[in-house]
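Chemist: With chain D held as given, fit chains C, Y, Z, P, U, X, R, G and S onto it using these hints.
Residue-level listing of the chains:
Protein chains: 10
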Amino acid sequence: MQCFFVQIKTELGRAYDVADALARREIASEIYSTSGEYDLLAKFYVEDDVDIGRFVNENLHDIDGIRRTFTTLTFKAF
Amino acid sequence: MQCFFVQIKTELGRAYDVADALARREIASEIYSTSGEYDLLAKFYVEDDVDIGRFVNENLHDIDGIRRTFTTLTFKAF
Amino acid sequence: MQCFFVQIKTELGRAYDVADALARREIASEIYSTSGEYDLLAKFYVEDDVDIGRFVNENLHDIDGIRRTFTTLTFKAF
Amino acid sequence: MQCFFVQIKTELGRAYDVADALARREIASEIYSTSGEYDLLAKFYVEDDVDIGRFVNENLHDIDGIRRTFTTLTFKAF
Amino acid sequence: MQCFFVQIKTELGRAYDVADALARREIASEIYSTSGEYDLLAKFYVEDDVDIGRFVNENLHDIDGIRRTFTTLTFKAF
Amino acid sequence: MQCFFVQIKTELGRAYDVADALARREIASEIYSTSGEYDLLAKFYVEDDVDIGRFVNENLHDIDGIRRTFTTLTFKAF
Amino acid sequence: MQCFFVQIKTELGRAYDVADALARREIASEIYSTSGEYDLLAKFYVEDDVDIGRFVNENLHDIDGIRRTFTTLTFKAF
Amino acid sequence: MQCFFVQIKTELGRAYDVADALARREIASEIYSTSGEYDLLAKFYVEDDVDIGRFVNENLHDIDGIRRTFTTLTFKAF
Amino acid sequence: MQCFFVQIKTELGRAYDVADALARREIASEIYSTSGEYDLLAKFYVEDDVDIGRFVNENLHDIDGIRRTFTTLTFKAF
Amino acid sequence: MQCFFVQIKTELGRAYDVADALARREIASEIYSTSGEYDLLAKFYVEDDVDIGRFVNENLHDIDGIRRTFTTLTFKAF
Numbered sequence: 000m001q002c003f004f005v006q007i008k009t010e011l012g013r014a015y016d017v018a019d020a021l022a023r024r025e026i027a028s029e030i031y032s033t034s035g036e037y038d039l040l041a042k043f044y045v046e047d048d049v050d051i052g053r054f055v056n057e058n059l060h061d062i063d064g065i066r067r068t069f070t071t072l073t074f075k076a077f
Numbered sequence: 000m001q002c003f004f005v006q007i008k009t010e011l012g013r014a015y016d017v018a019d020a021l022a023r024r025e026i027a028s029e030i031y032s033t034s035g036e037y038d039l040l041a042k043f044y045v046e047d048d049v050d051i052g053r054f055v056n057e058n059l060h061d062i063d064g065i066r067r068t069f070t071t072l073t074f075k076a077f
Numbered sequence: 000m001q002c003f004f005v006q007i008k009t010e011l012g013r014a015y016d017v018a019d020a021l022a023r024r025e026i027a028s029e030i031y032s033t034s035g036e037y038d039l040l041a042k043f044y045v046e047d048d049v050d051i052g053r054f055v056n057e058n059l060h061d062i063d064g065i066r067r068t069f070t071t072l073t074f075k076a077f
Numbered sequence: 000m001q002c003f004f005v006q007i008k009t010e011l012g013r014a015y016d017v018a019d020a021l022a023r024r025e026i027a028s029e030i031y032s033t034s035g036e037y038d039l040l041a042k043f044y045v046e047d048d049v050d051i052g053r054f055v056n057e058n059l060h061d062i063d064g065i066r067r068t069f070t071t072l073t074f075k076a077f
Numbered sequence: 000m001q002c003f004f005v006q007i008k009t010e011l012g013r014a015y016d017v018a019d020a021l022a023r024r025e026i027a028s029e030i031y032s033t034s035g036e037y038d039l040l041a042k043f044y045v046e047d048d049v050d051i052g053r054f055v056n057e058n059l060h061d062i063d064g065i066r067r068t069f070t071t072l073t074f075k076a077f
Numbered sequence: 000m001q002c003f004f005v006q007i008k009t010e011l012g013r014a015y016d017v018a019d020a021l022a023r024r025e026i027a028s029e030i031y032s033t034s035g036e037y038d039l040l041a042k043f044y045v046e047d048d049v050d051i052g053r054f055v056n057e058n059l060h061d062i063d064g065i066r067r068t069f070t071t072l073t074f075k076a077f
Numbered sequence: 000m001q002c003f004f005v006q007i008k009t010e011l012g013r014a015y016d017v018a019d020a021l022a023r024r025e026i027a028s029e030i031y032s033t034s035g036e037y038d039l040l041a042k043f044y045v046e047d048d049v050d051i052g053r054f055v056n057e058n059l060h061d062i063d064g065i066r067r068t069f070t071t072l073t074f075k076a077f
Numbered sequence: 000m001q002c003f004f005v006q007i008k009t010e011l012g013r014a015y016d017v018a019d020a021l022a023r024r025e026i027a028s029e030i031y032s033t034s035g036e037y038d039l040l041a042k043f044y045v046e047d048d049v050d051i052g053r054f055v056n057e058n059l060h061d062i063d064g065i066r067r068t069f070t071t072l073t074f075k076a077f
Numbered sequence: 000m001q002c003f004f005v006q007i008k009t010e011l012g013r014a015y016d017v018a019d020a021l022a023r024r025e026i027a028s029e030i031y032s033t034s035g036e037y038d039l040l041a042k043f044y045v046e047d048d049v050d051i052g053r054f055v056n057e058n059l060h061d062i063d064g065i066r067r068t069f070t071t072l073t074f075k076a077f
Numbered sequence: 000m001q002c003f004f005v006q007i008k009t010e011l012g013r014a015y016d017v018a019d020a021l022a023r024r025e026i027a028s029e030i031y032s033t034s035g036e037y038d039l040l041a042k043f044y045v046e047d048d049v050d051i052g053r054f055v056n057e058n059l060h061d062i063d064g065i066r067r068t069f070t071t072l073t074f075k076a077f
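In order, the protein sequences belong to chains D, C, Y, Z, P, U, X, R, G and S.
Per numbering that gives the first Met the number 0, the very first residue in the first sequence carries number 0; after that it's consecutive.
Per numbering that gives the first Met the number 0, the very first residue in the second sequence carries number 0; after that it's consecutive.
Per numbering that gives the first Met the number 0, the very first residue in the third sequence carries number 0; after that it's consecutive.
Per numbering that gives the first Met the number 0, the very first residue in the fourth sequence carries number 0; after that it's consecutive.
Per numbering that gives the first Met the number 0, the very first residue in the fifth sequence carries number 0; after that it's consecutive.
Per numbering that gives the first Met the number 0, the very first residue in the sixth sequence carries number 0; after that it's consecutive.
Per numbering that gives the first Met the number 0, the very first residue in the seventh sequence carries number 0; after that it's consecutive.
Per numbering that gives the first Met the number 0, the very first residue in the eighth sequence carries number 0; after that it's consecutive.
Per numbering that gives the first Met the number 0, the very first residue in the ninth sequence carries number 0; after that it's consecutive.
Per numbering that gives the first Met the number 0, the very first residue in the tenth sequence carries number 0; after that it's consecutive.
The shape of chain D in the complex, shown without the other chains (with noise of 0.2 Å):
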């Protein structure tokens, strides 16, 4: 499995209702809305096999009210 960290960025007064629309999609394993430049971390895990740019391109980016967002791979759990 791979493990990666999305931050999004949402519309003035959406963070949460991106943040509903995507717990209802059921593939976020942890959602948290958050202090910073960001509304919403979330966390994934993909079968090794899963191009991580496309899973977000088509599962993330076309729920309303998301102006951008910004992924972080990880590379080994300690």
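In case anyone wonders, no lab produced these hints; they're calculated from the structure.
Just to be clear, a hint being listed does not mean it is correct.
Among the chain U residues that face chain P by a calculated CB cut under 10 Å, a handful are [to be verified]:
| no. | residue |
| --- | --- |
| 1 | Cys2 |
| 2 | Phe3 |
| 3 | Tyr15 |
| 4 | Asp19 |
| 5 | Leu21 |
| 6 | Ala22 |
| 7 | Ala27 |
| 8 | Tyr31 |
| 9 | Ser32 |
| 10 | Thr33 |
| 11 | Phe74 |
| 12 | Phe77 |
Far from chain S, by Cβ distances over 10 Å, these chain Z residues were calculated [claimed, not checked]:
| no. | residue |
| --- | --- |
| 13 | Gln1 |
| 14 | Gln6 |
| 15 | Ala20 |
| 16 | Glu46 |
| 17 | Asp48 |
| 18 | Arg67 |
With a straight-line Cα cutoff of 35 Å, these simulated DSBU-like cross-link-like pairs (lysine-lysine) come out [stated by the list, open to error]:
| no. | chain 1 | residue 1 | chain 2 | residue 2 |
| --- | --- | --- | --- | --- |
| 19 | P | Lys8 | P | Lys75 |
| 20 | U | Lys8 | G | Lys8 |
| 21 | X | Lys75 | S | Lys42 |
| 22 | S | Lys8 | Z | Lys42 |
Each residue gets a CB set at the ideal place from its N, CA and C atoms; glycine is no exception.
Modeler: Just chains C, Y, Z, P, U, X, R, G and S now, with coordinates in the frame of chain D:
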């Protein structure tokens, strides 16, 4: 031959459309979807007398879904 | 419990030394090496009355090889 | 195989020393000197189970003359 | 109680409209117009179990004339 | 009276030393440890004829462990 | 008297229209067109009890062609 | 004579239209397409009493396809 | 005469030493301590044939306690 | 021939030493002291087969007093 790289930032959810459109033009020697600020990275080889600025301007910038590009030139391959 | 994330930038070539030192302290629930500007990402759970600023200051900042850290707090888990 | 790129910023006047040292290690498939913020760009292929963070940490960061590096992962080659 | 600060950037010429609208809601303990990148600074106290992300999302972001906000949490008062 | 805020970035692991030193001087009306780029936030009230630049220069900048400060002035309290 | 400076960024090609409009209002003691990120720099003197935030908000921000402004306050003249 | 440089960022795919329009005006002594953040670089010589701010404002900013410009003045030629 | 402004960032706690040293040289027409990123702002008038780059280089940069300066030229006074 | 520009940031107060050292090497076709973030701007012409990265690395970076450089390549002269 001159070798250069172009990083491409696309509209939300358009990365793979842009990659496909670029691939169909058969002008890039390599195209990758990538982590980080940009969505795609492409490598190009052109003849020594080709104006790289015009090449990018005329062959990439008209692809629908591109938001901005960043060109890195190579001076020498070791 | 409060949940928060700390991103850690280390000195060149010290990322795994820092991760190992942090793991030995047994205070983080998850530690990852990551892509991007920071080298490591760690998740922490502390009691509601713990002062997070002091926790980071006293439990992380004295690990040798850390250059800087960035703390992101979570408000709610969906 | 996983493919990734590392951009390398060197100390003033050390770009070619670093490129030569990296070339002698025979771990990069391509090394270029480049225009822009970084001095060098290198492409690497490693096995799927290699921890890229550790690879960069152990195989690049100890080369004398490097100031900082930036790693870009590829998800898919078109 | 939790104490946090919100910096508010408004549309050109709207700083005092936004401050007045915020004051009428009687949710901030202090509101200032300020020098620097942001136009306003407000201090809030909420109960320990209040989700600050949702509070800002629902109580500030719908005020007309706000362009963006930045939230700073406090951990401890000395 | 003039009211202004000073954000303080400290050396790694020195945030609470600096906060304590500042508290002992009894010149700030409020001091917080905070999330974000800075470690501390302090609020000051000085007489109308006090030169704020000199005040910060002479009363804060000599505290050991401070890396940099950022001053935000208030124009009006609503 | 309080002395402060306002840097003004205008729409493309509107710098002199904005400067003329500002000059006609006879509220700035000096107006310059300048090099750098901003197009104009103006110096203002107002009475000690004037709210500078409101002054800029009401006397500058309604001039057509202004994109954004940045205010710098002076504490003391040597 | 005063010598100054103007870097020009154009709309996507418009760099050569802008360069051609600028060339037809016969006011720049040199025009280049370039690598990096800007698309074009132009050098100008004007009489000592020419207001450079107004010159750029009136002779460049009305060219269709320009997004923004950055002017660098020279003080002395060695 | 040419008119230009220099913003000066000083070492921590040195702003007034630098201002005093600059004042004693009697080359600036106005010196202010200021809010924001820089500590001081100074205005200079020099003859039309003075090389401003050399002026700053030779008359300011050797003052002890200066960290960096930023020069803004004026083109025209309205 | 290839034409490129190098912007040079020098140590405080060293801009003219660096310009003089560069001028004595007789490799730049034009050298200017400039406004803005960099202190100097130099234009170079080299043969088509010259490696520009190495040229800058070997001919500029060893001049005493340089802090950093930024190279801009030209693709075409209009």
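Chemist: Taking the earlier hints as the rules, which of them does this structure contradict?
Modeler: Hint 21 is the one this structure does not satisfy, whereas the remaining hints hold.
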